[in-house]
Amino acid sequence: MKKFFLILIILSGSFLTAKEITVSPDKAPRTLTAALMQAEDGDRIYVQPGIYREGEIVINKSVEIIGENFPVFDGESQHQLFTVEADSVVIRGLVIKDCGVSFIDDKAGIKVLETKGCVIEGNRLEGNFFGIYLAKSQGTRVINNDIRSNATSEAASGNGIHLWYCKDADIHDNRIEGHRDGIYFEFVQDGNISGNFSTKNLRYGLHFMFSDRCEYRENSFINNGAGVAVMYTKNVLMINNRFADNWGSAAFGLLLKDITDSKISGNTFSRNSIGIFAENSGRMTVEQNDFNDNGWAVKIMANCMENVFQENNFLNNSFDVATNSRNNFNRFERNYWSAYQGYDLDRDGYGDVPFRPVRLFSLIVEQNSTALVLQRSLFIDVLDMAERVLPILTPETLIDEQPALRRIPRSSGDVTAGK
Amino acid sequence: MIQISGLKKQFGKLEVLKGIDLTLNTGNVTAIVGHNGSGKTTLIKAILGLVGADSGKIFVNDTRVNGDVRYKAEIGYMPQIARFPENLTVAEIITLIKDLREEESATDDFLYDAFDLAKEADKPLRTLSGGTRQKVSAVIAFLFQPKILILDEPTAGLDPLSSSILQDKILEERRNGKTIILTSHIMSEIEALADELVYLQDGEIFYNGHLKSMLRNTGEKKLERAIARLIEGAAA
Amino acid sequence: MKALRKIIKYELQNILRSKWILIYTLFFFLLTDSLFRFGGSSGKVVLSLMNVILLIIPLVSVVFGVMYLYNSREYIELMLSQPLKRRTLFLGLYIGLTLPLTLGFLIGSGLPFLVHGVDIVAHQAIVFMLLLSGIFLTIIFVALAFLISTVHEDRVKGLGTAIISWLLFAIIYDGLILMITYMFIDYPLEKPVIALTLLNPIDLARILIMLKLDIAALMGYTGAVFEKFFAGSLGLFISFLSLILWSTLPIWIGSRMFERKDF
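Chains as they are written, first to last, in this note's numbering: chain A, 1 to 419; chain B, 1 to 236; chain C, 1 to 263.
FYI, nobody ran anything at the bench for these hints, they're computed from the structure. Every clue listed holds true.
The calculated lysine to aspartate or glutamate pairs, modelled on EDC-like cross-linking and capped at a C-alpha distance of 20 Å, are: (1) B:LYS123 <-> B:ASP109; (2) C:LYS212 <-> A:ASP245; (3) C:LYS6 <-> B:GLU102; (4) A:LYS61 <-> A:GLU40.
Construct the entire structure; sequences and hints are all you get.
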């Protein structure tokens, strides 16, 4: 009997917590703040269309907030907006705009602090300093949000999606535009980042450091100020992403600095000033990527070791590989180089003459950038050819012994990430 | 009529014509003879306006040669070497010249018929023999019944029959009152055709006079010998 | 003008029937077509074709132009004994030769693009620029040839000058630019180098194409000075002005000399 009552109590309790509250401009509660006061853990709050100007909204109960037809929460350019402090909070379908710029505390559209299992999904964040800011949180899912700002200076803008000391985050299918960094990770572990589209951000489309064991799949990083920068990290997996249209003297498709034991596979690097710039990185496998129409497909510094570049397609890049030393401790194998002009008499699909992807001209341009204007001149072609026959200045061991004769088919097909 | 006075021409340091005074009358055939390099061709080219004079004057039918090209409508020229655009046909090169001249007056097709060029009319010029090209060249020179004919080695390369057809034509035009200039290496031809003889040596006129009276004066029957006499006489 | 039209008309008849113009057209056709067949993408075709255009067109145009004028010597004399202005004849010969060469190149290398198609829209602009460069280089180097053969009476000298001028524009000039950039490596040299490239039609054509092919590299280096100049409207205007000057100046000088020339 006692047991029966106990079950009854628990059941009725759970019925009670499944309460639904509707916020509406016409009928109380007229504000989300008021609704939250009434709410208890597990409640669901519907927000009807309207413009809500409530300043900061602190969510310290595990509630689900669902916007109907995108109600607008306006920070009036001075308020931090949503601050989530409870576990398992869900925020869905809101327009969150104009949190203020602050140089002291990082104001954000949505801040998630020290929680577990929150979900931020299908929101539109417009003109915020930081868009979505996660700190010391676990298992947060940030899905399908549209995050836009129109930042004009790096100092006066924050990141689109910002993670600091987080674990098991799942960031996918978001679109981020016009922030400082599109996606920023610092001390994040085991994150899963996929299907995001990051463009026109002032600095990096993706920027992370000290974030081990994260996976990046099928994201697109297009036309960001300096491309993508990843640093001081182990065990990164970057698969089927697209890095394109990052132009400028310090712009990279992908900047790798102190990255080890990682895999970069199936990505496309198109029309970047530098496709991959690798510095002090080692034991990486770079395979099955397409590098096309880049200024420099790969720039690899001499402090990079034991990296393997295999079965990549190098198509119509101004320079395929450049380096800063005659020493080379990396391997290039079975790549397809559109600049390769050898033959295949034994018909094994690989050229019989090795290919040297480092042009003498890339060294000349390194010392003497004005000379770049001579690109594709016959005079330069003759110099390059002479150096290829008898390498004196370019690294002797940076060589593809088995250059593929045909373009390498990509197992995954083309990436169609983003929207 | 062609009047030349004080004509001088220099190529680099080489004085080719050293002051030529010459009058060529209508109804006369004037043969210009001289060694290679004596200035024959340069003189002809000066009249044609192909070579510009350094000093001196040339009048062609009272028109001063000085850049205006209209006077050339009265000249028919047969160059020493006949070469034409390779892929045009005989008919086309003749039409081209007709097109350019745009003359209303009837053309003289006598030589065209006499040389029987109709059967070559559709052949590309590159396939023709030197003799046939020479015939085409002659046809073009006589085509517009010009008042002046300048013929540079006209019978060179022609077969004997064609050669005599051309010679007869020249004599006929002379009777028609044309001014005719002729150069030739064949002395018998000059004897047969020319009224006047101009002997050029080193850019100067060494002799200018009636051919017949020269033969008479030197007492020689052959022109070669007569000319040799002239030169000896000058040396002595 | 009437006379000019007539000269051109017969000149075209003559040249269009000749074997070499057919060979020239076929050369470009077979080359471009086989590039498509073996090279695959239009991007790679463009790259290989660019080298051919920058080298072969100037060489063929200048050598051929010189030879052509020397071989037309007797024809020229015949024409000049007609009541025909010298300038008219000169221009007629020039246009009559340039037009078939241009057409031969355009048809030869353009047809394969029409057949195989240009796979990327961005490449269309490059193909357009390639064809335009080819046209300009033909016009310019035939003009140069006409100037050269008018200056040099001796055909061996003329041919030598033609080949040397090709070497100069196609190769040596770039070597000199490279030397200059090393000699003054500590100075900002972009602007003088731009000025130098404006003086060489092959360089100019090369850069106009390169701007499309290597834009990513150009933007990465040199503070994008080249890109700013050549892609800007003023730079583009100056570039084309220079190409037009190169197309007209030699033929204008040549025609002035032709008018005074002794044959």
